[in-house]
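Visitor: Residue numbers (my numbering), protein chains in the order written: chain W, 201 to 585; chain C, 201 to 585.
Be a bit skeptical, because a hint or two may be false.
As the list makes no split between identical chains, a pair holds if one copy fits it or if it spans any two.
Below, simulated SDA-like cross-link-like pairs (lysine to any residue); rule was C-alpha separation at most 20 Å, straight line [to be verified]: (1) LYS246 / ARG235; (2) LYS246 / GLN477; (3) LYS493 / ALA303; (4) LYS324 / ASP307; (5) LYS248 / PRO229; (6) LYS324 / ALA303.
I should point out that these hints are in silico values taken from the structure, not numbers from a laboratory.
There are 2 protein chains.
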Amino acid sequence: MKTKYDPLAGVQAAGPPGSISFVYGLPDPETFPLRELHAAFEFVLKEKGELALQYGPNQGYGPLIDYLRERIRREEGQVLERPQIMLSGGASQALDHCCSLFARSGDSIIVEAPSYHESLMLFKNHGLSACAIPVDEDGMNTKLLEVRLNDLRVRGIKPSFIYTIPTYQNPSGITLSGKRRKALLKIANERDVLIIEDDVYCDLAYEDTKIPTLFSLDEEKRVIRFGSFSKIIAPGLRLGWIMGPEKMIRSLIRSGLRSMGGGANPLSAIAMAAYCQKGLLEPHIVSLKQVYKERRDVLLAALESTMPTGVSWTKPAGGFFVWITLPPGRKSEDVKQAAKVKKIFFLAGDPFFAEQPSAQHLRLAFSYVPPDKIQEGIKKLAAIL
Amino acid sequence: MKTKYDPLAGVQAAGPPGSISFVYGLPDPETFPLRELHAAFEFVLKEKGELALQYGPNQGYGPLIDYLRERIRREEGQVLERPQIMLSGGASQALDHCCSLFARSGDSIIVEAPSYHESLMLFKNHGLSACAIPVDEDGMNTKLLEVRLNDLRVRGIKPSFIYTIPTYQNPSGITLSGKRRKALLKIANERDVLIIEDDVYCDLAYEDTKIPTLFSLDEEKRVIRFGSFSKIIAPGLRLGWIMGPEKMIRSLIRSGLRSMGGGANPLSAIAMAAYCQKGLLEPHIVSLKQVYKERRDVLLAALESTMPTGVSWTKPAGGFFVWITLPPGRKSEDVKQAAKVKKIFFLAGDPFFAEQPSAQHLRLAFSYVPPDKIQEGIKKLAAIL
Chain W
201 MKTKYDPLAG
211 VQAAGPPGSI
221 SFVYGLPDPE
231 TFPLRELHAA
241 FEFVLKEKGE
251 LALQYGPNQG
261 YGPLIDYLRE
271 RIRREEGQVL
281 ERPQIMLSGG
291 ASQALDHCCS
301 LFARSGDSII
311 VEAPSYHESL
321 MLFKNHGLSA
331 CAIPVDEDGM
341 NTKLLEVRLN
351 DLRVRGIKPS
361 FIYTIPTYQN
371 PSGITLSGKR
381 RKALLKIANE
391 RDVLIIEDDV
401 YCDLAYEDTK
411 IPTLFSLDEE
421 KRVIRFGSFS
431 KIIAPGLRLG
441 WIMGPEKMIR
451 SLIRSGLRSM
461 GGGANPLSAI
471 AMAAYCQKGL
481 LEPHIVSLKQ
491 VYKERRDVLL
501 AALESTMPTG
511 VSWTKPAGGF
521 FVWITLPPGR
531 KSEDVKQAAK
541 VKKIFFLAGD
551 PFFAEQPSAQ
561 HLRLAFSYVP
571 PDKIQEGIKK
581 LAAIL
Chain C
201 MKTKYDPLAG
211 VQAAGPPGSI
221 SFVYGLPDPE
231 TFPLRELHAA
241 FEFVLKEKGE
251 LALQYGPNQG
261 YGPLIDYLRE
271 RIRREEGQVL
281 ERPQIMLSGG
291 ASQALDHCCS
301 LFARSGDSII
311 VEAPSYHESL
321 MLFKNHGLSA
331 CAIPVDEDGM
341 NTKLLEVRLN
351 DLRVRGIKPS
361 FIYTIPTYQN
371 PSGITLSGKR
381 RKALLKIANE
391 RDVLIIEDDV
401 YCDLAYEDTK
411 IPTLFSLDEE
421 KRVIRFGSFS
431 KIIAPGLRLG
441 WIMGPEKMIR
451 SLIRSGLRSM
461 GGGANPLSAI
471 AMAAYCQKGL
481 LEPHIVSLKQ
491 VYKERRDVLL
501 AALESTMPTG
511 VSWTKPAGGF
521 FVWITLPPGR
531 KSEDVKQAAK
541 VKKIFFLAGD
551 PFFAEQPSAQ
561 HLRLAFSYVP
571 PDKIQEGIKK
581 LAAIL
């Protein structure tokens, strides 16, 4: 496996033979509901082919939007009007649209430190300047956020938006606490700043605690929330959704029309509507949670039983990632190179920092690795440390 | 049919009962190869499900890229290296990526007058300032382009790119002549400006004449060319491609990675590879050309036999559109309203102009209208004029 990412080679999740790769936060293809998806696509191509193969409405396929609204109402108790939700080609495309619509090259934005590295690269592509607010065990530190916003204000700068992954964050696995959520909204309200809540892991919850979304707590129409079928069904569908205040969603639909050429993936959307309307999504998520919870538990137990003193790690209540902090003096890049020799792969933490990189973190993605390989990989990593 | 476009309602191509709509440049769903696509998707979901449903390589599915390279070599005699082509979610998404990567908010760009209105809106969304160069019967007037570039240079402005639809243009149906193509490239070379060649209609050729693409004539690695399956198979696949100099394509792949979340539509791409590798695309395009050539011929004959003196129109050698010029004194918006009463629908020309709108043009899209309805619609339109 190349250390340097080669865009032409793309994702090579498994690595060379004999290796164990914690690199990519990919869903395990063994979990894909192939038979049910096959049936859904067969139905769509047979019964709704002309609709599925034509340009779709810019908001996305109506029945799938209605299914998502009903699901939010049922599971989160929130009532959404139809113009408050649209389909997207996944959360990355949603974020790309929001950057085009709600920011201009040269603008400042607020992100977490660490944050999802692909989002940070997207912000860079849009010419946005990211101010990174440290994350602790309760998520983004809202006290430090206020300090930073004050600093910016003194310089005449108002950020275009706050980008947060509040639940089972990529890369840290950390969840923003309920108290911090309220604090974050209060700050955003006082300063009149938009919040983008990237929430693609929320359904992969391994504990019973449920914290309300920023979107559901928002009283001032300033939160946009992303969801996605990539983690809960399959990334290849290229399908997600955006929820938010009606006015913003209408603007995004208009802008999406231009950049998507008319509606997010009608074929996938109509197939997913058929799949979801059969009641297949809910039991599938239950089975996914079993698979990934086991991997998380195995990983945390392996870390507990093997890691030397001075190494610490997060205990994610959901999602795909555990974030390791090395003891002082150990550099993540050195550890990565040493692990590579033993055919153990993961990402060093630096690309997840928009400002000062920390040389002391590793991201382990456990979603793609079978439990026995997790144990073997962590044992080898511990031996290096 | 609403006059004002409602983004939540989306495309309503057919209009109310009894109406004839020349509004949308949609492929006729009767042409969709439903049985063959069904077979292709069935094969993919059965045999390659885990690949098709996972994140794909950022360049797009390799075998489809290789098929497209082979097709370009066979049909246009041009040899492309693999890193010179990538897949996209259609030409609009390709253009969106290019705007993000090759321009910055506030930049100037060059477009044609008229040009595709959705592209013009996309440029506006990106904060780009479009300078519109008039199109005559040979395409963009390169003399006027030089004058305009001189004006800009005096003001210290160098445009980020020239956006052109040189072949069977939307909305005019006009094709840039061979001589003008060379002139355009010469100007771009002298001024060191990038050219974006939006070429999604090129396969729908109704005459034998074939003019080399700007991309094939380019000797200085400054032309990026878009293609799409939307017009030649089905828009719902959300799949197209981008060709260009290796360095630019590599940059686009990296930037696309962020905004697409990993590879254009793997499911559609693998299905299209299966479809194309069976040799199904070429005969399908032959049959499409018959369908659409007939509609063009019927439309041109109807215009010829019914339109009063003073009305003129383009004679497209391919594509989906005929562009009407009204006699002095007639306003396109008035004609549109009068036609609406008779349930005849089309677009007035104004949204196709980035700068001074002309109130004297109508765009007729003939791709979606059966021949007998074309005759009926034009007869009614002529009566109004």
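Visitor: When Cα atoms must be at most 20 Å apart, do LYS493 and ALA303 count as within-copy, between-copy, both, or neither?
Guide: Neither: 38 Å inside a chain and 45 Å across chains, both beyond 20 Å.
Visitor: I want to check one pair: LYS324 and ASP307. Are their C-alpha atoms no more than 20 Å apart within a copy, between two copies, both, or neither?
Guide: Answer is both; intra-copy 11 Å and inter-copy 18 Å each pass.
Visitor: Under a CA distance limit of 20 Å, which applies to LYS246 and ARG235: within one copy, between copies, both, or neither?
Guide: both (16 Å within a copy, 8 Å between copies)
Visitor: From the Cα coordinates, with 20 Å as the cut-off, is the pair LYS248 and PRO229 best called within, between, both, or neither?
Guide: Answer is between: at 11 Å across copies they meet the 20 Å cutoff, but 27 Å inside does not.
Visitor: Is it within, between, both or neither when you check LYS246 against GLN477 at 20 Å Cα-Cα?
Guide: within (17 Å within a copy, 22 Å between copies)
Visitor: Can you tell me if LYS324 and ALA303 fall within 20 Å by alpha carbon in one copy, between copies, both or neither?
Guide: Both: 12 Å inside a chain and 13 Å across chains, each within 20 Å.
Of the numbered hints given earlier, the model fails hint 3 alone.
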